[in-house]
Each structure stands twice: as structure tokens, then as C-alpha cells.
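J.: Taken in sequence, the protein lines are chains P and Z.
Numbering of the first sequence is given in numbering that gives the first Met the number 0, commencing with residue 0 and proceeding in unit increments.
Numbering of the second sequence is given in numbering that gives the first Met the number 0, commencing with residue 0 and proceeding in unit increments.
If you are wondering where the hints come from, they were derived from the structure by calculation, not from laboratory data.
Every value quoted in this text rests on a predicted model; they were computed, and no experiment measured them.
Errors might be hidden in some of the hints.
[Said to hold, decoys possible] EDC-like cross-link-like pairs, simulated, lysine to aspartate or glutamate; straight-line CA separation at most 16 Å:
#1 P:450 <-> Z:28
#2 Z:536 <-> P:121
#3 Z:476 <-> P:31
#4 Z:476 <-> Z:488
2 protein chains.
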Amino acid sequence: MNQDWWKWGDPKEHRHLSEYPKMKAMLEERWDSKIIEDFLPPKKFDITEVTEKNKETIKDIFASLSGKKISFKTEDRLFVALGKSYFDAIRVLKNDQIAYPDAVLAPTTHDEVDYILLQAHEHNIQLTPFGGGSNVVGALSNDNLKSKPGLRISLNLRNMDKLIKLDENHMTATFQGGILGPALEKILNEKGYTLGHFPQSFEFSSLGGWVVTRSAGQASTFYGKIEDLVESITVATPTGTIHTPHFTHDATGINILPLFFGSEGTLGIVTEVTVKIKKVSRYQRWVCALFPDFDSGSLCLKECIQNGVKPSVVRLSDANETMLFAKLASEKHQPTFTENIKKEIQKWVLKFKNLESPCLMIMCLEEIGPNAASQAVFTKNLIEQYQGMVAPESVGKKWAENRFKSPYMRDTMLEHRIFIDTMETYVPWEDVPKLHKNLAKVLSTSKAFHKEKGFFLAHLSHIYPSGACMYFTLVTKMNPGQEIEQWRDIKTLVTETILQNNGTISHHHGVGADHQKWYLKYSDPLTLEVLRAVKQKFDPKNILNAGKLYNV
Amino acid sequence: MNQDWWKWGDPKEHRHLSEYPKMKAMLEERWDSKIIEDFLPPKKFDITEVTEKNKETIKDIFASLSGKKISFKTEDRLFVALGKSYFDAIRVLKNDQIAYPDAVLAPTTHDEVDYILLQAHEHNIQLTPFGGGSNVVGALSNDNLKSKPGLRISLNLRNMDKLIKLDENHMTATFQGGILGPALEKILNEKGYTLGHFPQSFEFSSLGGWVVTRSAGQASTFYGKIEDLVESITVATPTGTIHTPHFTHDATGINILPLFFGSEGTLGIVTEVTVKIKKVSRYQRWVCALFPDFDSGSLCLKECIQNGVKPSVVRLSDANETMLFAKLASEKHQPTFTENIKKEIQKWVLKFKNLESPCLMIMCLEEIGPNAASQAVFTKNLIEQYQGMVAPESVGKKWAENRFKSPYMRDTMLEHRIFIDTMETYVPWEDVPKLHKNLAKVLSTSKAFHKEKGFFLAHLSHIYPSGACMYFTLVTKMNPGQEIEQWRDIKTLVTETILQNNGTISHHHGVGADHQKWYLKYSDPLTLEVLRAVKQKFDPKNILNAGKLYNV
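Next up, chain P with everything else stripped away, as it sits in the complex:
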């Protein structure tokens, strides 16, 4: 799409004030003056050409990047220099002195971004990432660097717009960070899925941009903010690449993924994002209303959300905004927010005649799965489908009554020299049966476990769209005099089998001393360095739980 560099969005959709004569008249009346169209962008922008010397320098530094991916063109430098705020727009119209980058690089792969960052780091080149370019708080501005010497480049990530993997089995999808909303939703919708993330800028903002700005979509009250939708990310930084842990639901020390939420381009470039996808809702139900005032509507919404109503879209307009909607709806030849609504609004405003200035509320409810009340029925059908047999409710109730009692059995067993320990992990669904079988197999040939004499029990205890927590109970004869060695042998065998079958080090037990060896082995070195830097700030003398986790 041919986007105008300073105006919003698709040129085909651009509007002119003459399409809104009633609104224009209302403004003129309130302001008691004519509105004239005379604040237009300058014919030519005040932008210095990049010198041949600088062009050569930049081409040399990024010599491994295809020449086509490096641009010094004025239009490309303009396009990435500003976001879409009112402030940005008036600066354009005023031909204000804006800081433009010397070049725009447009990589297409993580490796290219990585290369660009390493080279920029080596040569002290300032770098600003550009995703969708829809920011409205000056996040793309480089004015603070105007007086700083040296070269500046911008990274236009719009060509990093590919699906890397759609994993229907685990309901996740991995995209490159530069993909815009519509392309992402199109890919997911074709398979019956959605991310459910629709910020106002949806059409012109990128997945990576959503992550680094902590984006909220119009449907986030139901689906969650972007922080709730991301499973893992890959980030290129000037000192190397970070792959955050594959899953968010484990207990393997500190996950540094959240450090990148809200990092606004200061820590690295988010090149790949794995998101948690949802099935497209079966139907949507709208509830709309008018309230006598803003406070009543606001109290109503508070009651809704605190009592378990979970709308996707919800908007409560105050009286002014509602009136403007009504005004817009009454414009002639107005293709948006239109005739139908006009009639409707006027109808209820009339009905609502006791109220001088009503407030409009709209709310959308999503029907994704079975209703809570019918979940039991749905589940029972599935049980039959999987050759199961429904059992009485009392079994579950009894479990709940006694659920905190089972650990008491452990101690008397120990005093009778019975080995009994529990271990746990989070495993993707496809690895659940594999891990179960493989662990049974390795234990049945383990001398420490007394092979077939040992008892190996397992259960799933927490489920996620992407997998489950597997919990193991191991019972065998204790080896007198060798109790500690026996435990170490079994612990090592189980942990390594878990890791070989794509399980995490822990789902909820944590790292402690017992898992630290594996935590250190499987943690990314740059992540460990960052955590040590954090530790150094909080606890410079290393007095708190010294030697634990990353801190060795």
C-alpha cells in the first residue's frame, strides 16, 4: 500500500472536511469564525541530502547487506522519521526542523538485523527501529540526537512480515516482528484462529511494535493486552541474540521476556514473536445502551467486570462524545458511521427524552468455547469420544477434601527406608505421551530405581492450550548407606529425560540448589549476564542467597 508519509493510513480512505458540513458549521458557530483550509504541508521539505562520503561510509559498514536494502532516498528517510501524533503532524505542516536518519535499512531476516546491529555497535552508529510507524507519543523522534555527532540509521522492519510457523497442535504462531495487523490476522483467520489484538492502529502497526510499547487492542478486555498474548520472542541486541524461554508457564528462574515489554527500542529489535492464538469466536453478541450520565455508565461497567462479564470490545462515551457521534451520523453522504446508526441514535435519543445528554455504551461479548454451564456437558461428550467413562462427582469432591493430606505419608515411608520423591515439568502436548513412556522405560532399566521393582506414577495437573504440567511420583527401595547417591542418580536420570523430551526444568517447584546445574546449562549466557547486572545493582555485596540461580 502506498502510504502517505505524514497522513494517516491508506490514501484511498483520506477524508475532506467538506464531507462533514454539519460538524463544520457547529465548529464555526462555537468559534464564531470561518474555518479555512490554509495549513498545508510545504511543497519541499527542509531535509538535507546525505553526502556522498556518508553514503559510501554507510555502504561500506553494511557491505554484506544487499544494496537494495539500503536507501538514502528522501521519501524513505521522511517516512520513518515521525509517528502519527498531532504534534508530529503540525511539525510537518510547519516544516519544523526534524531529525532525519542518514539512511534507512530494510532487513528481511533475523540474521540481517543481527548483522546490522553488530556493525552499528562496532561503528557507533545510532539506530532507531521503525515498525508500523503509528506511534503517537514521539517514540520515533530523534530530535534529542540532533546535536550528537555521527551517523544515524533507521531500521524499517516492514519487510519482516512473514509467518515462520503456525503450530495448530499447540495453538501458537511465530511471526517476524515487522508483520502488520491485517496480514497477521488474515493468516490466522484462514485456519480458524485469531490473535484477538486490534489496537486502533491495527492496520498500520506491527507485532514487534505492539510488544515493545505494551499495546492494548480494542478487544483486550477479553483477550488480554499484548503482554498476555506472547509466549516467547527473539531479540537482536548489539551484544547478541536473546531467545526467551519457549514457554511462559514454568518456574525456571526469572524469565526476562517482560523486560522487553515497554522497552520502546532501547534494548534490542524484536525480530520474531511467538503468540498464543485463539479459535475464532463462534458468534459475537452486542449489548448497547444509553445512560443518563457518564457516572452511571461507569458504575454499570464496574459491576459487569467485577461480576465476571468479560466483553471483548467495551466503550462508554461521555455526553459530548455521544453527541458528536450523533452529529456525525446526521451528516449527508457520509459513508462512515452512517445512515443506519443515524436513525437508530435519533430514535433512542428521542425515546430517552427525560435525559438531556445521554452517554452511549457499546459492548461486544464473544462466544468462543462452550458456556461455563455447558462446559461439563461438552467435556462429558469429549470423554466418551476418547473412550473414557464418566465417574461420579464425589471422586473429585473427596480429592478436594483431602488434597493437603498426602504429603504426610511421605515421612513415615522414609523412616521405613522407602524412597519416595516427586518431580515435575511443563511439556508440550505432543511430548506428553512420549515423555511418559520414555521416563517409564529409563526408570525400568535404572539400577538406582531398582528397575521393575520401582513404582512410577504420573499425572497431568495443569493444562494449557500448548501443553500440560506432568507430575511424577517415584517410589522404590532405599539404598541404605547410599541414600544420597541413589537420590542424585534418580534425580539426574529423571531431569535429563525430561529435558530430552522438551520438558522445562520446572513448572512450579523452582530452581533452588537441586536444579541449578541444569538451569545454568540451559540458560542463555547473555540472559545470565543481564541478571547478574541486575543483581549487582540491587545487591552489590552479594549478601542475598549468594550463589543461587544465575549468581555463580
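Given chain P, put chain Z in place with the hints provided.
T.: Structure of chain Z alone, referenced to chain P:
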């Protein structure tokens, strides 16, 4: 409660193997040997008394702390030295060389913890926090410090067990970090709320411990892991106190709260935690089943969770675990997991006779709010209750059709010299009406906004149990030649009014250049320092978006 220092939990609940004769016989048969009770804890533990000199030193260093809160008693030092794992237990039974702290300090307030940390930092004293003491992966072990010279203390947080604030209006509760599960739930249940967090260790694990170990409760599939339940925390660190931002649902740069999830005592002591509470469910419905094998049950659960079934408790046992349950249920005089179940299990195992080794699944469904299908009805009732009038569904549908069109109007308005900008924030419910009124009021007296000539529109766009996102549209005459000053004046007025009315700097727009001034002013200095240390690791030459966010 008088807890045994190495055995699990409440001594009144302790069990003896003789209560499980069938299980004992099964083990003896499989192992072909008698089980004898001869692995008992030593009469006296190998623990060195603290020297008088060290006692005096510790008392001196922590002189401001009441003497009653410092203990050198063997039993107190024993109690905090180990967790509750099999490995910890066999070390006790073997009288293995365990590292014990020299003293146990038991603070009752955040200020006391802060004082202890500052003093320990000053005097290079090693410190290990102790919450509930239920850890099973060696998190409490200090064996790695055995050869390190210097004094070691343990912080027993069990007396930090108070409710600080129950905020029913916003559905949050603030507790001290040392409170154990039952005390916390009791306080909440009395008012009709729950946290919904029930790890197996619930009775003997602490809120702060859940946070630093990334705990998952038995009902976390429905309520979320502890990471999902926390709004904010207060942490004492050796270099000062961190209060994380009050809310998690904003877009004000990086929230460092997640750095403490999984930090396992290495970064600081979590002294206060504000949690998101839920209304107690109206009823619970159990669905239980037997499957012919583990894989069928696992596929069934995968289908459930991917199709919107959201159980709180879910457990699928493999054939071995199911058989052990059946065995336990058939023990005589067995007070737990009992007769009722026994009969039930036997009954369906018989019914299920085609299957040699069935797998038991139990699942609990919570009815918290109205069902998805009845949310519309529930909401419509509320609308009437708040004097609203239900409007046609078409209003919402039309909004959705046109939702990405509105920004296009902006540009033509600018060219006609009309000021139009949008600003947004997250506000607690009680401040919603206040902020709405106050902002209208300050704008109506603002010269830059042309007082009463300006149009101020507002809506709520995202709702949470604790508050809502408020979104403002401002329209007025542009001041020719003073466009930038006018915008700065209005931006400043709006942002400062938002902050004075307890709003956040941003709910979803971010920080960028426009909000940086306020971000820096309202961010905690230690947080900024930590973020700079992280930046230094990733981007030591400061080439990425230099000067943005914390990076000045």
C-alpha cells in the same frame, strides 16, 4: 501451630505406615523383602552452638531490632535451614553436615526488613529469606556457603502475616509477604473473595514465597499462576526499597515487577504484595472420568482447554497412579481418600472391565460470574439498574465495521487549522468520575484550549476489576504561529491533571519523547538505575534509541 522442623506440616496429621497394610504388603511383595522402620532421625543433631562473640556481634549489628526478634536457639536455626524435599529429609535422617545460619531474625514490618538488609549489606552478612519453608528443590540450602567466611543469618518471615488493605472497590488486597495460605484465604473468604491460589504446599507456604518461586496452585488452570494474580509488590533490597508501579495494565515503559518472579531470594525480600482478588465462585461442578489409557485422557484434556473449557482443578492420573489410589482407598481404617471413594472406584473399575488399567481424571469447573451466554442478560439488567436504556445491537456492529476509519478525519481537520488530539490513561474506578469532571473543568478555563470554545470528549475503552482506561479527544481552534506551544500547553495540562487524579502516564500509547519528562519524574530512581544496568549489558555503546525512556 507447632510444626516439626523436618517432617511435613501439622504433627496432629502425621501418619504411620502401619495405617496402610495393603500398600505395605504390595511393596514387600514387589521388593521381596520386609519393610522395617529403622531409619530414624538422630537424637541429637550435629549443630555447632553459636559463639558468644558471634552472638554479640550480631546483636550489635542489629541493635535497633528488638532482642526478641533475634534468635540463636538451635531449634530456630534448624527450622529455617532446610526445605521439605526427599533430599532434605534423608540428609536429616543421616545427620548429614548441613549449613545452619548463625541467627534467625524474625521481623514484623517492611521497615524492619529494610533495616536488616541495610545493616547486613553494611557488615557483609550473608542472608537467606525463609517464608513457609516448603521448598522441595533446595532453595533454602546454604551448603554452597559453608566454606565462605563470615556470619550468616536467616530471615524468618512468618510473623509478617498481616492484611494491610482490603480494597473491595477495586478488588485488590495487600498483604505482608510472610502470610501463609490459610490465613490469607480466611481473610478474603470472610468478605466473599478468594485469591484462588492453592499449591499443594498451601498450608505451609507464603505469599512472598509464591511470588519469588513462580508458584502454580491446584486451581491455576482457571485462576492463573501467581504471575497472573499480582498487581504490585514492595521489595526491600540491600540498596533500597522498590515499590513496583501500582498497576500492571499500563504502558509506562518497562515494569520491573516480573524480574522478581522466580528470583528465589537473590534480589530482595518481598515484604508486601497486592493481589487481584476474585469473588468466591457460586458453585463448583466436578467432572470425573476413567480413560482406557493415559494418551486418550491427555488428548481429551487438550481438546477441552483448546476449545474454551477452563477448569480450576484438573488432574489426569496414569494407570499406576490410579491403581495406587484404588489400593489406598481399599485400606481399612484409612481416614483419608476413603471408603466412599473406594466403593466408587471399585464400582467403575468393574464396569470398565474391558480395560485392564484405567486412568482417572478429575476436573472442577467454577461458576464465578454469569455464563457467557447469559452475560448479555446480566448486563442488560444492570443497565436498567443504572438508569440506562438498552439500544439496538446494530450500533455496536456499525462501530466495529468502521472502527479503523476515524483517524482519517484528523488530517483534513489539521489542514483547516483545527486542533485535534487524543490522550489516554488508566484510572482506578473511584477516580473515573473525578478525573472526567476535573479535566473538563481545567480545560474550560485553559486559554490554550480556548476555554468553553474547545470540545472535550471522553470514553472508557478497556475495563478491569480495578479500573478503566479513559480516552480523551480534544478539539479546539488552532493558534496559528503558536501551534507547537499550544499543543505543549494542552498536553501538559491534561497529563498533569491525569496524574493528580491517580491516572497512569499511559494505558497503551507508551512513553516516547512526549511523556518522558513525567516518566522520569514519577519513576523510582532505583528502578531507573537497574534498567540502565540492563541497557549497559545489551547496548554498551548506547546506539539503540539513545536518550529514550530511562536512558538519559
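J.: Please go over all the hints and tell whether each is borne out by the structure.
T.: Going through the hints against the structure:
Between residue 450 of chain P and residue 28 of chain Z, the direct Cα distance comes to roughly 15 Å. Compliance with the 16 Å bound is thereby established for this hinted pair. For the hint linking residue 536 of chain Z to residue 121 of chain P, the alpha-carbon distance of about 15 Å falls within 16 Å, and the restraint holds. Of the supplied pair hints, the one linking residue 476 of chain Z and residue 31 of chain P holds, its CA atoms being roughly 11 Å apart against a limit of 16 Å. Taking the CA atoms of residue 476 of chain Z and residue 488 of chain Z, the gap is near 14 Å; set against the 16 Å cutoff, the hint holds.
Violated hints are absent here; each numbered hint is respected by the structure.
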